[in-house]
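*Asks:* So the protein lines, in turn, are chains A and B. Those letters in the first sequence? Residues 3 to 114, by the numbering used here. Those letters in the second sequence? Residues 6 to 122, by the numbering used here.
FYI, nobody ran anything at the bench for these hints, they're computed from the structure. Every residue gets a Cβ at the ideal spot worked out from N, C-alpha and C, and that includes glycine. Warning: the hint list may mix true and false statements.
[Stated by the list, open to error] Pair ranges (Cβ atoms, derived):
#, chain 1, residue 1, chain 2, residue 2, range
1, A, R20, B, S31, 31 to 39 Å
2, A, G54, B, G58, 32 to 40 Å
3, B, Q50, A, Q19, 30 to 38 Å
4, A, Q99, B, P84, 30 to 38 Å
5, B, Q50, A, H12, 14 to 22 Å
6, B, W88, A, S40, 26 to 34 Å
7, B, G33, A, G54, 29 to 37 Å
8, B, K66, A, E98, 21 to 29 Å
[To be verified] Chain B side only, calculated, beta carbon under 8 Å to chain A, not exhaustive:
#, residue
9, Q47
10, G48
11, L49
12, L51
13, K54
14, F56
15, S75
16, F95
17, S107
18, Y108
19, Q109
20, L110
21, F112
22, K114
23, G115
[Said to hold, decoys possible] Here are the simulated lysine-lysine pairs, DSSO-like style, with alpha carbons at most 27 Å apart:
#, chain 1, residue 1, chain 2, residue 2
24, B, K73, B, K114
25, B, K54, B, K117
26, B, K117, B, K73
27, B, K114, A, K59
28, B, K114, A, K11
29, B, K54, B, K73
30, B, K54, B, K66
31, B, K117, A, K11
32, B, K66, B, K117
33, B, K114, B, K54
34, A, K59, B, K54
35, B, K66, B, K114
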Amino acid sequence: DSGVTQTPKHLITATGQRVTLRCSPRSGDLSVYWYQQSLDQGLQFLIQYYNGEERAKGNILERFSAQQFPDLHSELNLSSLELGDSALYFCASSTEQGNEQFFGPGTRLTVL
Amino acid sequence: AQSVTQPDIHITVSEGASLELRCNYSYGATPYLFWYVQSPGQGLQLLLKYFSGDTLVQGIKGFEAEFKRSQSSFNLRKPSVHWSDAAEYFCAVVPLYSGAGSYQLTFGKGTKLSVIP
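Next up, chain A with everything else stripped away, as it sits in the complex (with noise of 0.2 Å):
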């Protein structure tokens, strides 16, 4: 156990709807990452925050949106949702010095 906490564990919803992922980090982990894992692109790098900013942005689309909260859990808001955004979304977090990511167990989604 990682101590990342992901809630749900599994979605489904249909294509044009809107969903949100939920990450709790590591007690005391300031920063948090988001990856998406799908089989044709592998494992990706999203978005990174850290204390309630955002610090590092990387393949993510408009429609694809997070934040990160004063208790430092994050979520992830993905809306217009297209077939292709089906995937294993996992979320990571970090010491402040960010040398090692712990990651939680991620969420499925499936778009239908």
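Go by the hints and put chain B onto chain A.
*Replies:* Only chain B this time, still in chain A's reference frame:
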């Protein structure tokens, strides 16, 4: 182009045999290097990491990796594989230019390891 390459998509070994999983990177400067393991239905677990110093790195679960600058490689090894090692293994890097305070990982495509009892 900057990339992380794991040439082997799938490897099958017998239990007790030795294992080497290959990883090559293409970056201007040596990035930070990592190996992660993903068991079915699980998240990613860090096996080991290399930032600098001794080029032979020891990790958890009996794994080690050797950094070879001349070959831009960071291969993962285990002398004797156990059935519980069956999983998918990812090599990952953090480029040095990621920016202050950002350690975003760039992953290879992964190598799936099957173990024959």
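*Asks:* Indicate, hint by hint, whether the structure satisfies it.
*Replies:* Going through the hints against the structure:
1. A hinted range of 31 to 39 Å for the beta carbons of R20/A and S31/B is consistent with their spacing of about 38 Å.
2. With their beta carbons about 34 Å apart, G54/A and G58/B fall inside the hinted range of 32 to 40 Å.
3. For Q50/B and Q19/A, the hinted distance range of 30 to 38 Å is satisfied, since their beta carbons lie about 32 Å from each other.
4. In this structure the supplied range 30 to 38 Å holds for Q99/A paired with P84/B, their Cβ-Cβ distance being about 31 Å.
5. In this structure, Q50/B and H12/A meet the distance hint of 14 to 22 Å, their C-beta atoms being roughly 21 Å apart.
6. Judged by the Cβ atoms, the range 26 to 34 Å given for W88/B and S40/A holds: they are separated by roughly 28 Å.
7. Checked against the hint of 29 to 37 Å, the pair G33/B and G54/A passes, with Cβ atoms roughly 33 Å apart.
8. A beta carbon spacing of about 27 Å between K66/B and E98/A agrees with the range 21 to 29 Å that was offered as a hint.
9. Nearest Cβ of chain A to the Cβ of Q47/B: about 6 Å, under the 8 Å cut. The hint holds.
10. At a threshold of 8 Å, the smallest CB-CB gap from G48/B to chain A is about 4 Å, leaving the interface hint in force.
11. Checking L49/B against chain A by beta carbon gives a least distance of about 4 Å; that is within 8 Å, so the hint holds.
12. At about 6 Å, the closest approach between the beta carbon of L51/B and any beta carbon in chain A falls short of 8 Å, and the interface hint on this residue holds.
13. At its closest, the beta carbon of K54/B sits 7 Å from a beta carbon of chain A; the interface hint therefore holds under the 8 Å criterion.
14. The interface hint given for F56/B is met, as the beta carbon of that residue sits about 7 Å from the closest beta carbon of chain A, less than 8 Å.
15. Because the beta carbon of S75/B sits about 25 Å from the nearest beta carbon in chain A, more than 8 Å, this interface hint is broken.
16. With a least beta-carbon distance of about 7 Å to chain A, the hint placing F95/B at the interface is held under the 8 Å criterion.
17. About 4 Å separates the beta-carbon of S107/B from the nearest beta-carbon of chain A, less than 8 Å, and the hint is met.
18. The beta carbon of Y108/B is positioned within 8 Å of a beta carbon in chain A (closest approach about 4 Å), and the interface hint is therefore held.
19. With 8 Å as the threshold, the beta carbon of Q109/B comes within range of chain A, its nearest partner Cβ sitting at about 4 Å, so the hint holds.
20. A distance limit of 8 Å between C-beta atoms decides the matter here; for L110/B the minimum to chain A is near 6 Å, and the interface restraint holds.
21. Interface hint status for F112/B: upheld, as the beta-carbon distance to the closest one in chain A is roughly 4 Å, under 8 Å.
22. For K114/B, the shortest C-beta to C-beta distance to chain A is roughly 5 Å, which falls under 8 Å, so the interface hint holds.
23. Checking G115/B against chain A by beta carbon gives a least distance of about 7 Å; that is within 8 Å, so the hint holds.
24. With a C-alpha separation of about 20 Å, the suggested pairing of K73/B with K114/B holds against the 27 Å cut-off.
25. Simply put, K54/B and K117/B have alpha-carbon atoms about 20 Å apart, close enough for the 27 Å limit, and the pair holds.
26. Pair hint K117/B plus K73/B holds up; C-alpha atoms about 23 Å apart against a cutoff of 27 Å.
27. A threshold of 27 Å between alpha carbons decides the hint, and for K114/B with K59/A the separation of about 20 Å falls inside it, so the pair holds.
28. For the suggested pair K114/B and K11/A, the alpha carbons sit about 23 Å apart, so the restraint of at most 27 Å is met.
29. Our distance criterion of 27 Å between C-alpha atoms is met by K54/B and K73/B, whose separation comes to about 14 Å.
30. The hinted pair formed by K54/B and K66/B meets the criterion: a straight-line CA distance of about 14 Å does not exceed 27 Å.
31. Only pairs whose Cα atoms come within 27 Å are accepted, and K117/B paired with K11/A is accepted, the gap being roughly 23 Å.
32. Annotation: proposed proximity of K66/B to K117/B holds, straight-line Cα distance about 17 Å (limit 27 Å).
33. With a C-alpha separation of about 18 Å, the suggested pairing of K114/B with K54/B holds against the 27 Å cut-off.
34. Under the criterion of a C-alpha separation no larger than 27 Å, the hint pairing K59/A with K54/B is consistent with the structure, at around 23 Å.
35. Pair hint K66/B plus K114/B holds up; C-alpha atoms about 22 Å apart against a cutoff of 27 Å.
The structure is inconsistent with hint 15 alone, although it conforms to all the rest.
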